[in-house]
Amino acid sequence: MYNFFFFEVPEHLPFLLKGALVTIELSLISMVLGTALGFFLAIGRLSSRRLLRLPMDIFVEIMRDTPLIVQLLLIYFSLPEAGIVLSAFWAGIAGLTLNLAAYLSEVFRAAISAVDPGQKAAAISLGMSPVAVYRRVVIPQAGLAALPTLGGYFIALLKDCSLVSFISVNELLRHATIVISDTFDSMNTYIMVAIIYFVMSFVSARIIRHIEVRLAPTNRRGTISVPLTMDKEGAR
Amino acid sequence: MTSFSPSSPVLLVRQLRKSFRGAPVLKSVDLAIHQGEIACLIGPSGAGKSTILRCINFLERPDSGEITFFGERLCSEDGNIFHIAPERTLQHARARMPMVFQHFNLFSHRTVIGNVMEGQMVVLHRNRDEARDRARACLARVGMLERAEFYPDQLSGGQKQRVAIARALAMSPALILFDEPTSALDPALVQEVQGVMRDLSAEGMTMLIVTHDMRLVKSIATTIHFCADGHIAESGSPALLFGDTAPSRIQSFMDAAAH
Ligand SMILES: Nc1ncnc2c1ncn2[C@@H]1O[C@H](COP(=O)(O)OP(=O)(O)O)[C@@H](O)[C@H]1O
Ligand SMILES: [Mg+2]
Numbered sequence: 001m002y003n004f005f006f007f008e009v010p011e012h013l014p015f016l017l018k019g020a021l022v023t024i025e026l027s028l029i030s031m032v033l034g035t036a037l038g039f040f041l042a043i044g045r046l047s048s049r050r051l052l053r054l055p056m057d058i059f060v061e062i063m064r065d066t067p068l069i070v071q072l073l074l075i076y077f078s079l080p081e082a083g084i085v086l087s088a089f090w091a092g093i094a095g096l097t098l099n100l101a102a103y104l105s106e107v108f109r110a111a112i113s114a115v116d117p118g119q120k121a122a123a124i125s126l127g128m129s130p131v132a133v134y135r136r137v138v139i140p141q142a143g144l145a146a147l148p149t150l151g152g153y154f155i156a157l158l159k160d161c162s163l164v165s166f167i168s169v170n171e172l173l174r175h176a177t178i179v180i181s182d183t184f185d186s187m188n189t190y191i192m193v194a195i196i197y198f199v200m201s202f203v204s205a206r207i208i209r210h211i212e213v214r215l216a217p218t219n220r221r222g223t224i225s226v227p228l229t230m231d232k233e234g235a236r
Numbered sequence: 001m002t003s004f005s006p007s008s009p010v011l012l013v014r015q016l017r018k019s020f021r022g023a024p025v026l027k028s029v030d031l032a033i034h035q036g037e038i039a040c041l042i043g044p045s046g047a048g049k050s051t052i053l054r055c056i057n058f059l060e061r062p063d064s065g066e067i068t069f070f071g072e073r074l075c076s077e078d079g080n081i082f083h084i085a086p087e088r089t090l091q092h093a094r095a096r097m098p099m100v101f102q103h104f105n106l107f108s109h110r111t112v113i114g115n116v117m118e119g120q121m122v123v124l125h126r127n128r129d130e131a132r133d134r135a136r137a138c139l140a141r142v143g144m145l146e147r148a149e150f151y152p153d154q155l156s157g158g159q160k161q162r163v164a165i166a167r168a169l170a171m172s173p174a175l176i177l178f179d180e181p182t183s184a185l186d187p188a189l190v191q192e193v194q195g196v197m198r199d200l201s202a203e204g205m206t207m208l209i210v211t212h213d214m215r216l217v218k219s220i221a222t223t224i225h226f227c228a229d230g231h232i233a234e235s236g237s238p239a240l241l242f243g244d245t246a247p248s249r250i251q252s253f254m255d256a257a258a259h
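Residue numbers (our numbering), protein chains in the order written: chain A, 1 to 236; chain B, 1 to 259.
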């Protein structure tokens, strides 16, 4: 019975990997959309206008206080009754995106609030408009500060994607279920699935770490090809 | 916009008032700064010196009074109505009177030269090459050109403050505001910043300097304003205020500041 892992599962590996590809697609699309939406939520929630803030606060609170799986089920099975029909894949994207955006809005809000007020004052005192202060000083710094946390949320998202198998999206876990119904070998299939998830998370974590290091201000020095002061001295 | 003649003050402040949560901090401040003048604003902690600077460039919103900069009213009283110029006008004025802060406040995500180019490109809409050339010239003036590609956290306090001064200079300012530029520095580093400020004064830059650094005051002030309890209590030339005939409260302040 334990020989299965070596004889039968490899046969199904391409099918599992096809599922893994969908998992990666789901994660990447949701991450991009969730980051953008989370960012706008953060800005809105930092606004001094209550009318803008309140609905966003309520949305975030609801998303954070209900399980993701329930949100997914609602979007896929209940929204059609209200006339909004989404394919399983896009229902999955919608649920993952909205959920992630809620959490990321908290991350961005904290990062934006933590930007040094002295640097904001310096930007204002140079004559920058409030929008310019945001674009040139606040957002770049908040973005850098939020990056490690963002990376952590991406790994979590990759794993949360398994929940969309419940709304019949053909991702990794659902493909595993199909393999098991065929081979009746749950142990080896699930071990294989765990290994695939591990590799995806591990590799993502390395890539994210690499990006973090590259973007840290002091490390960017290496990317400047010719120091500005050198060309003059070199000419002498 | 009103006319501006060379003999009018660059900056004129009249009856400026400001309270924080009902507590009056500025109780009618009057101040005039002329072209080429180095005005030093001294006085005990909590007297309102920083608040005066921050109201002048509208980092704080004054409660009432009149501020005229280069002939342009930034705020004024019209009957009983206090009027502040539109945000655009304020931004334009700020760019011409940039501020140097006690804690430098350099943009930590930008290199030294990036810090000095930022305001030029974003506010003055100079193109990148123009801004870089001017930034290099300003950095050379403060002796920081070799550090152009460093990030602020790789610099000493004195170097950071020199970069902050270059950042202000790059705006082609009519007036530079300084809020205790040497107070956060190690004693050994005070000299290099003082030196840069002395160079600027020799070149005729108009400056308004809040400071506790009496060596700096003695070496560059053309006018001294003594601020106490939300007023400018005394104003005069250094000889007048630091001489034997100085008002007693300035003498006692000086004695306290001396050690
Ligand atoms: N943003 C603020 N909110 C409340 N009180 C303030 C604020 N800024 C300054 N103050 C108060 O105003 C007074 C003058 O402060 P400041 O102008 O910083 O004095 P100085 O620079 O002369 O030491 C102090 O009592 C200070 O506590
Ligand atoms: Mg102060």
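Think of the hints as simulated: they come from the structure by calculation, not from any bench. Heads up, some of the hints might be wrong.
Said to hold, decoys possible - According to the in silico footprint, chain A covers these stretches of chain B (three or more CB under 8 Å from chain A): (1) 91-102; (2) 116-122.
What the hints assert, rightly or not - Pairwise CB distance ranges, derived in the manner of DEER restraints: (3) G143(B) / I29(A): 48 to 56 Å; (4) A36(A) / R215(B): 51 to 59 Å; (5) A140(B) / I58(A): 49 to 57 Å; (6) S172(B) / A205(A): 45 to 53 Å.
Claimed, not checked - So, partial list: chain B residues that the calculated Cβ filter (under 10 Å) puts toward chain A: (7) P152; (8) D153; (9) A164; (10) R198.
Beta carbons are placed, not taken as given, at the ideal position from N, Cα and C, and that holds for glycine.
How the hints compare with the structure:
1. A count of 9 residues in the stretch 91-102 of chain B with a Cβ less than 8 Å from any Cβ of chain A is obtained; the coverage claim is therefore met, three being the minimum.
2. With 3 residues carrying a beta carbon less than 8 Å from a beta carbon of chain A, the stretch 116-122 of chain B meets the three-residue requirement, and the given coverage holds.
3. Between G143(B) and I29(A) the Cβ separation comes to about 52 Å, which falls inside the hinted range of 48 to 56 Å.
4. Distance hint for A36(A) and R215(B): a CB-CB separation of about 54 Å, consistent with the stated range 51 to 59 Å.
5. Against the hinted window of 49 to 57 Å, the Cβ-Cβ separation of A140(B) and I58(A) comes to about 56 Å, which satisfies the hint.
6. For S172(B) paired with A205(A), a C-beta distance near 49 Å keeps the hint of 45 to 53 Å intact.
7. Nearest Cβ of chain A to the Cβ of P152(B): about 9 Å, under the 10 Å cut. The hint holds.
8. Given hint, D153(B) at the interface with chain A, holds; its Cβ is 7 Å from that chain's nearest Cβ, closer than 10 Å.
9. Because the beta carbon of A164(B) sits about 8 Å from the nearest beta carbon in chain A, less than 10 Å, this interface hint is met.
10. Because the beta carbon of R198(B) sits about 23 Å from the nearest beta carbon in chain A, more than 10 Å, this interface hint is broken.
The earlier numbered hint that this structure contradicts is number 10, and it is the only one.
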